Amino acid sequence: MVKSQLFSKASMSRDLTPILRRVMQSGTIVALLVLILVFALIRPDVFLSLGNVRNILEQVAILTIIAAAQTVVMVVGDFDLSVGTTATLSGSTTAALMLGGTPVPLSVIIGLAVGTVVGMVNGLLVAYVKLSAFVATLATMTTVGGLSFIVTNGVTLYGLPEEFYWIGQSRPLGIPMPIFFAITVALIVWVVLKFTTLGRRWYAVGGNAEVARLSGINVNGTRFLAFTVAGFASAIGGIILVSRLGSASSAGANSYMLLAIAAVFLGMTIIKSGQANLGGTLVGVGIIGVMNNGLNIVGASTYIQQVLTGLIIIAAVTLSALKKARDA
Amino acid sequence: MTARNAPSTESTSPAATPALEVRDIVKRFDGVLALNGVQLSVQPGEIHAVLGENGAGKSTLIKIMTGVYAPDSGEVLLDGEPVELANVRTAHRLGIVALYQELSIVPTISVAENILLGDQTPSRGGLVNWRALRKGAKLQLDRLNQRIALGRLAGDLSPVQQTMVAVARALATDARVLILDEPTASLSDLETADLFAVLRSLRDQGVAIIYVSHRLEEVFELCDRLTIMRNGETIITKRVADTTVDEVISTMVGRSQGELYPPRNTARGEAVLAVEGLNGRRVKDVSLQAFAGEVLGIGGLAGSGRSELLRLLSGAQKSSSGTISVRGVVLPHVLSVGRALAAGVALVPEERRSQGVILSAAIQENVAVANLGSVSTAGWVSSGRITDLARRTVAELQIKARGPRQPVGQLSGGNQQKVVLGKMLARRPQVLLMDEPTRGIDIGTRAEIYRLIRELVASGTTVVAVSSELPELIGISDRILIMHEGRVSGEVLAAEADDEVLLAYCYGRVA
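Chains as they are written, first to last, in the working numbering: chain A, 4 to 331; chain B, -5 to 505.
Simulated from the structure, these hints should not be mistaken for laboratory data. Be careful, since some hints might not be right.
Said to hold, decoys possible - Covered by chain B, per the in silico footprint, the following chain A stretches (three or more residues, Cβ under 8 Å):
hint: 1; stretch: 188 to 200
hint: 2; stretch: 262 to 269
To be verified - The list that follows gives simulated cross-link-like pairs (lysine-lysine, DSBU-like), each with its CA atoms no further than 35 Å apart:
hint: 3; chain 1: B; residue 1: K312; chain 2: B; residue 2: K232
hint: 4; chain 1: A; residue 1: K197; chain 2: B; residue 2: K394
hint: 5; chain 1: B; residue 1: K312; chain 2: B; residue 2: K278
hint: 6; chain 1: A; residue 1: K197; chain 2: B; residue 2: K312
hint: 7; chain 1: A; residue 1: K133; chain 2: B; residue 2: K278
hint: 8; chain 1: A; residue 1: K275; chain 2: B; residue 2: K278
hint: 9; chain 1: B; residue 1: K312; chain 2: A; residue 2: K133
hint: 10; chain 1: A; residue 1: K197; chain 2: A; residue 2: K275
Quantities reported herein were computed from a predicted structural model and do not represent experimental measurements. Backbone N, C-alpha and C fix where the C-beta goes; we use that ideal spot for every residue, glycine too.
Looking at chain A on its own, in the form it has when it is part of the complex (with noise of 0.2 Å):
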């Protein structure tokens, strides 16, 4: 009796919805919340001081830019596996071309708009040819990550010129560039979402690509310029990456794949609707960077702190499909 009770989704929804969804929907909040608190609390010195503050935003800035652009396609519907690889190739891309010679402006602007290109690519395939956008994004994700072991031949790139490093690692008022960057990215990407006609359409094609179609939209060309928006903001992370770690390897951005996707999906919890949303993505972004952070200055290994991110996809993306078949 109590067994069935607990298992049945019916009486789940009839007695514990309006309680569960409070808690559910506030609850990434929270969880941010106690993250912080734990932290604070086992390392009250370190844990909340400026410096760490300020280092926990830097770690959190690219992997914000490219949950942001996680977040655009997401919302159309579709996602992108290949944002990760698509940074890489475009940071790489830009080391390379500055280490042959090319002045620091072009190579930034031919990074972009290589990443630009794999979005265009990708756009391409899952709107017009029709593919699905796990089998095209994947197909893009290991032929751009090979891409970036040619340009790279394999090796790390160092020695890039200093100029260049303006992106990543300068300070002005002691607030590292990333975190400004960031900032921007964000915050266009929220505008555009929230006040703009093209963020309409892209909602409208996300909640039904059908209902959309006959009240007069271009889903195809709006689902394409999700994508190609994703592959450029993914080149601003990538290139902003090599700046700040001063070398292009040829696969330092391939993680953040995961990571934005686990962003976008906690972020998905926070608001009624299910939908992917920027403060949602915002908040994921936090849960990642907090944990991983507060796991560094406690002491945890890498392994650890690996094991409880996928632990938090899985608990995000629960979250999610629990959200949604009650909405069903």
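We have chain A; now place chain B onto it with these hints.
Just chain B now, kept in the frame of chain A:
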């Protein structure tokens, strides 16, 4: 004439026990009566047609006979014994098999595997016995006199071959009652003849066949007896030889219309929509005109091209040739919904939940989606204008909602339909296309929508409406075009129309 509820009195051989019999079946959905005391009796070695208009209850009856639904009351007898059809598997095991066009085969595996699917697959210790599989499959195809390569992928077969494979599978499970629902919908005349030969040979082997079709000619060619359903009741069962097409049509028809429809009090103005030689996938060479101040109704059977015609006109589907013009202005040949809307042609689509509204989004978002131009300046949306527009829509159409921010999924079907209508009316279309304007909507909201259509027409809008319900078609239209196999088969003034004439056109018969 036989009295209702006693159809078995005309059975061909009264002594024989029916292979399948249903008695006094009643079925309600959410309190709505779908089947009301249905009687059906099918003899072994008989092909028995079940006829009726859309919504008469044929599909529900099939689903009860195959264990998909349980009846609220009444019983199903197999060989004279009452049986409990708890689910599809039970019905299958007892030998009652229904063939649906699209569900009948697995396209990605071979013909032989399809014929001996699941439990029927011969195996030894968990491994498929391929030799026995091919032998068993061939045996069934031989019974049907069919030569289909056993190794081919079922998905590569022609529609009639796929149907044959499905029939062969039914035989492999020792089916004794075979139910076919519109089996010839995608078959050519030649293929249909082929299928009929097989069905006749199965009949002669003692299989009981229930044949559901809209195509009366086929019923008269193939079937031994027929049962006509109307409004969830079985009206009559007759030997096919003892009746005529006209008698069948007039029996299928026959309902009161009530005061649901507002009077046709609008004067017809100049031609607004003109279509010349329009072709699509089903639609063939359609030309028509629709006038200001007029509701043009489009009727026809499912698959006649009536819905496709609206989709072509609205840009939802590309036409292969033909021209569409609005007040003399020719629309672009490569039409999109956006271009059609810009030219003043708007579509309220057939499927509300999958085509009309984003269920998870608020009313105001749904209205805005079709009106982004009017709520924005240079690409920047004004949330104030979005809310204003939604408020106006809610007020004008009297949508019952808490406010413009309420998710559409929480509204009743009728109010959802009003949202779809409202978002298109906000575009102030010159031509409003409506596909099934009141499907699945309560009677009160239906009356409101009918009144609204009349008001629109009075203000000069041209309405073109498709409906599968003849009373609705007659009730809302000024003029009616009937489509049959992609072409316009007849034109009638609604004031002079009756169901029989329209049905005759629907079936492609010249009245």
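Here's how the hints hold up against the structure:
no.	hint	result
1	188 to 200	holds (count 3)
2	262 to 269	violated (count 0)
3	B/K312 x B/K232	violated (45 Å)
4	A/K197 x B/K394	holds (27 Å)
5	B/K312 x B/K278	holds (13 Å)
6	A/K197 x B/K312	holds (33 Å)
7	A/K133 x B/K278	holds (28 Å)
8	A/K275 x B/K278	violated (47 Å)
9	B/K312 x A/K133	holds (18 Å)
10	A/K197 x A/K275	holds (16 Å)
Of the hints listed earlier, those the structure fails to meet are numbers 2, 3, 8, in rising order.
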